[in-house]
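A.B. asks: Sequences listed follow chains A and B, in order. Each residue of the first sequence is one higher than the one before, counting from 1 in my numbering. Each residue of the second sequence is one higher than the one before, counting from 115 in my numbering.
Bear in mind the hints are in silico, worked out from the structure with no lab data behind them. One or more of the hints may lead you astray.
The calculated label-pair distances, taken between Cβ atoms and stated as ranges, are [to be verified]:
(1) A/Thr12 to B/Lys210: 26 to 32 Å
(2) B/Thr128 to A/Ser18: 31 to 37 Å
(3) B/Ser141 to A/Lys61: 24 to 30 Å
(4) A/Ser84 to B/Gln132: 18 to 24 Å
(5) A/His10 to B/Gly198: 23 to 29 Å
(6) B/Thr128 to A/His82: 27 to 33 Å
(7) B/Pro175 to A/Ile109: 25 to 31 Å
(8) A/Pro79 to B/Thr128: 45 to 51 Å
With a straight-line cut-off of 27 Å between C-alpha atoms, the simulated BS3-like cross-links for lysine-lysine are [said to hold, decoys possible]:
(9) A/Lys68 to A/Lys113
(10) A/Lys49 to B/Lys171
(11) A/Lys49 to B/Lys210
(12) A/Lys49 to A/Lys68
Quantities reported herein were computed from a predicted structural model and do not represent experimental measurements. Every residue, glycine too, gets a C-beta built ideally from N, C-alpha and C.
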Amino acid sequence: AQSVTQPDIHITVSEGASLELRCNYSYGATPYLFWYVQSPGQGLQLLLKYFSGDTLVQGIKGFEAEFKRSQSSFNLRKPSVHWSDAAEYFCAVGIMEYGNKLVFGAGTILRVKS
Amino acid sequence: KAGVTQTPRYLIKTRGQQVTLSCSPISGHRSVSWYQQTPGQGLQFLFEYFSETQRNKGNFPGRFSGRQFSNSRSEMNVSTLELGDSALYLCASSLKGTGWNTEAFFGQGTRLTVV
């Protein structure tokens with residue numbers, strides 16, 4: 001079955017430090033991959049997406065992610081975290097077969113300390 | 115252009131009642147999907163509508179239903195509410211569907227509390 005694993009429930013980083021959020025997926029076909037961010041009580045905002053081509057994708061707010069097919073991973077990175085990045089981050093895989101839908105990971109809550 | 119609009123933002127209902135939530139997608143988008151978000155189960159797919167037809171349905175009981183109108187606006191209905199239905203309900207708008215290689219844009223959600 002299709003699944004997405006985000007192994008870190010919480011991550012705390014200092015402002016200005018680098019960030020990497022991990023995401024592993026299980027899906028038999030070529031995946032469409034996404035990272036979303038959610039602030040408390042709000043909807044989901046798309047940070048970046050991978051459909052095909054270059055495996056390093058750039059997104060908004062200075063985020064980037066690298067698709068590694070051999071590791072079934074799509075980790076999110078940012079070189080320097082800002083206090084406003086504190087939020088919950090969700091990795092998702094787009095599934096066309098068996099229910100044209102997004103399957104989400106459990107999310108990683110990012111805390112930024114000053 | 116205007117984003118995805120969900121109404122109402124907050125709802126409080128009593129067990130056994132029914133509720134209807136509304137979603138207006140981005141202009142030109144024909145696919146509307148619904149997701150339920152709870153602390154315990156995370157984000158789960160409810161169903162997807164495309165051009166007024168339900169294309170896909172998640173693993174939810176029949177109390178959860180929806181429809182889509184000719185202007186692509188969508189409603190979801192939950193009948194005989196249970197305490198476990200308390201959740202943030204998110205609507206996603208996209209050109210072809212959230213599983214495709216197109217972006218899905220989410221609304222701010224409707225927070226439903228069942229008491």
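A.B. asks: With reference to the structure, classify each hint as holding or not holding.
C.D. replies: We went through each hint and held it up to the structure:
A hinted range of 26 to 32 Å for the beta carbons of A/Thr12 and B/Lys210 is inconsistent with their spacing of about 38 Å. As the Cβ distance of B/Thr128 to A/Ser18 is approximately 49 Å, the hint placing it in 31 to 37 Å is violated. Range check, B/Ser141 to A/Lys61: Cβ separation about 25 Å, and the 24 to 30 Å hint holds. For A/Ser84 and B/Gln132, the hinted distance range of 18 to 24 Å is not satisfied, since their beta carbons lie about 39 Å from each other.
The given range of 23 to 29 Å is respected by A/His10 and B/Gly198, whose C-beta atoms sit roughly 25 Å from each other. Separation of B/Thr128 from A/His82 is about 43 Å and departs from the stated range, judged on CB atoms against 27 to 33 Å. The hinted range of 25 to 31 Å is satisfied by B/Pro175 and A/Ile109, whose Cβ atoms lie roughly 30 Å apart. The hinted window of 45 to 51 Å between A/Pro79 and B/Thr128 holds, with their beta carbons roughly 50 Å apart.
Our distance criterion of 27 Å between C-alpha atoms is broken by A/Lys68 and A/Lys113, whose separation comes to about 30 Å. A threshold of 27 Å between alpha carbons decides the hint, and for A/Lys49 with B/Lys171 the separation of about 24 Å falls inside it, so the pair holds. Of the supplied pair hints, the one linking A/Lys49 and B/Lys210 holds, its CA atoms being roughly 16 Å apart against a limit of 27 Å. Of the pairs offered as hints, the one joining A/Lys49 and A/Lys68 holds, with about 14 Å between alpha carbons and a cut-off of 27 Å not exceeded.
Figure legend: structure checked against the earlier numbered hints; hints not met, in rising order: 1, 2, 4, 6, 9.
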